[in-house]
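A.B. asks: Here the structure of chain A is known, so what remains is to put chain B in place on it, guided by the hints.
Each chain is listed here by its residues.
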Amino acid sequence: MKSLVAVLTVLAGIIGIWYLACVPMNIKGVLDAAERGGEVVEPAEAQTRRDLSSLALAAQNGFAVTRVWSVERPRLPAPHQVAWELWDTTVMKKVTSKRSLVFHAQVTLSATLLGFAIGTGLGILLAVGIVHSRVMDMSVMPWAIVSQTIPIIALAPMIIVVLYSIGVQGLLPKAIIAAYLSFFPVVVGMVKGLRSPDHMQLDLMKTYHASKGQVFWKLRLPSSMPYLFASLKIAIAASLVGAIVGELPTGAVAGLGARLLAGSYYGQTVQIWSALFAAAILAAALVALLGLLERVLLGRMGVKA
Amino acid sequence: MNMHMTSQVDSASGVVQAETVIEARGLDLVFGSGDTSVQALKDINLTIDKGDFVSFIGPSGCGKTTFLRCIAALETPTGGSLTVNGMTPEEARQRRAYGYVFQAAGLYPWRTIAKNIKLPLEIMGYSKAEQEKRVAEVLELVELSGFGGKFPWQLSGGMQQRASIARALAFDADLLLMDEPFGALDEIVRDHLNEQLLKLWARTDKTIGFVTHSIPEAVYLSTKIVVMSPRPGRIHEVIESTLPKERPLDIRDTPEFIKIAHRVREGLRAGHGYE
Chain A
1 MKSLVAVLTV LAGIIGIWYL ACVPMNIKGV LDAAERGGEV VEPAEAQTRR
51 DLSSLALAAQ NGFAVTRVWS VERPRLPAPH QVAWELWDTT VMKKVTSKRS
101 LVFHAQVTLS ATLLGFAIGT GLGILLAVGI VHSRVMDMSV MPWAIVSQTI
151 PIIALAPMII VVLYSIGVQG LLPKAIIAAY LSFFPVVVGM VKGLRSPDHM
201 QLDLMKTYHA SKGQVFWKLR LPSSMPYLFA SLKIAIAASL VGAIVGELPT
251 GAVAGLGARL LAGSYYGQTV QIWSALFAAA ILAAALVALL GLLERVLLGR
301 MGVKA
Chain B
306 MNMHMTSQVD SASGVVQAET VIEARGLDLV FGSGDTSVQA LKDINLTIDK
356 GDFVSFIGPS GCGKTTFLRC IAALETPTGG SLTVNGMTPE EARQRRAYGY
406 VFQAAGLYPW RTIAKNIKLP LEIMGYSKAE QEKRVAEVLE LVELSGFGGK
456 FPWQLSGGMQ QRASIARALA FDADLLLMDE PFGALDEIVR DHLNEQLLKL
506 WARTDKTIGF VTHSIPEAVY LSTKIVVMSP RPGRIHEVIE STLPKERPLD
556 IRDTPEFIKI AHRVREGLRA GHGYE
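So the sequence lines, in the order shown, correspond to chains A and B. Residue numbers 1 to 305, in the working numbering, belong to the letters of the first sequence in order. Residue numbers 306 to 580, in the working numbering, belong to the letters of the second sequence in order.
Rather than coming from a laboratory, the hints here were simulated on the basis of the structure. Remember, predicted model here, so these are calculated numbers, not experimental data. There are no misleading hints in this set.
To give a feel for the contact side, a few chain B residues facing chain A, derived at Cβ under 7 Å: (1) Leu379; (2) Arg398; (3) Arg401; (4) Tyr405; (5) Phe407; (6) Gly411; (7) Pro425; (8) Ile428; (9) Phe456.
Just so it is clear, CB atoms sit at the ideal spot from N, CA and C, and this is done for glycine as well.
Bound conformation, chain A alone (with noise of 0.2 Å):
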């Protein structure tokens, strides 16, 4: 309950805090539509306005400053019109509907989820094989590490036009940007977890004669679970960003990506905010599900709830 009350009370100043933001950033064209309206302003000139800053805008014109939490177009939307839009366009729309976020977010899914199988099949393979073999620990550890400093960014639209170029399209481009940037942190966790077990555990296995098999499915992988939950969450979530990346470069129709790039060229502030709020409810609900998984998993393997 207290902590139910600390929880609540952040939240609260969050939003208080964004409430806030809207007036400064907002105020200067709430005032220009006003001057366009008819009524008076101060100071009356739009030049002399610019220069003023946004604060004393606000003091001077009192009456603007509620309208600036109902700009249709705001720089800054407020979070009951990024409230409103997610409602809308979740709840008020057919799924089927090219303006609905669930459709959009359904595109985006499952090009996270194939793009995330893919990126963990590829991150366990490599760990197994660079704990195994010292050649493939020297060889490949440098690329994995490499790889991620690329900006996805700047890679993404590569991939998708070499792929294009062999005939590859639509789903699988977007799964293997999501698949880049989540096997890496599935490989560190992984090798991490598959050489946690200590020098005694491994000892024991040798004492009873047991193959590396054995020594691998008995000991190195159930002492990896642990490690390997803990990437996972990390690479769902980068699954996500990687699917979204992979929409942008596409001029894709659908998508969470292909919706905040529509928003930004039409100036559509709320619908950005509300697709950006969408990734995040989504990316979140992903990592409660496997932490959920964890939980089940880890509790039938006797850790302490």
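C.D. replies: For chain B alone, coordinates are given in the frame of chain A:
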């Protein structure tokens, strides 16, 4: 799977007697090379017969654990000869000639006690029915019947260590190597486990190699006490115990016990070189 190797005689060398389990001759072990090298073991000569309970005692760095690890083929000697059941330690390890108990119980936290004991049995390919039978047997042997379904964190330290002993007893190895198994436990639990270990030894007729820091523990348990000294690690003295095989806990108050303990202490002091 035939595990009864102690009765086999090494026909190639002809020098190994049927009753000899471990034979070390002029054993040396040097870690590293050049200026940084450390002589961990120097000229170790020791014979352990079937059914012996041999304790290795000495200060830190005397090589008692290292010698045990050599027997287990977890370390490779750099000189001399060492045979286990007439074979090289490596061959003996491959034939699963021994069970090893480490200082920490080292149970897998994601396995129940029963499943922990099954671990070596799974690896060695015992049938499911045989696994169940053996788990029940060894749990009874270490007085943990009824705890098979518990996870390790639900057990006390002493119970965990008993489970790890059960794990080492589950498969057919006639040799049990124990590296300070009770070192981390308190005195009362330790006394109890020592008593249990002696009973277990009497019932199973195993050969036991036991590393310890404690003089009373070594004297109480052993038929043979190997006193070692450090830098380089070597055997200072081997003391044959004159105590009877039947040993209640209060044997530790008898003059006989005190006399042997005194000899061990003298040996440790002489080997230590503090004078």
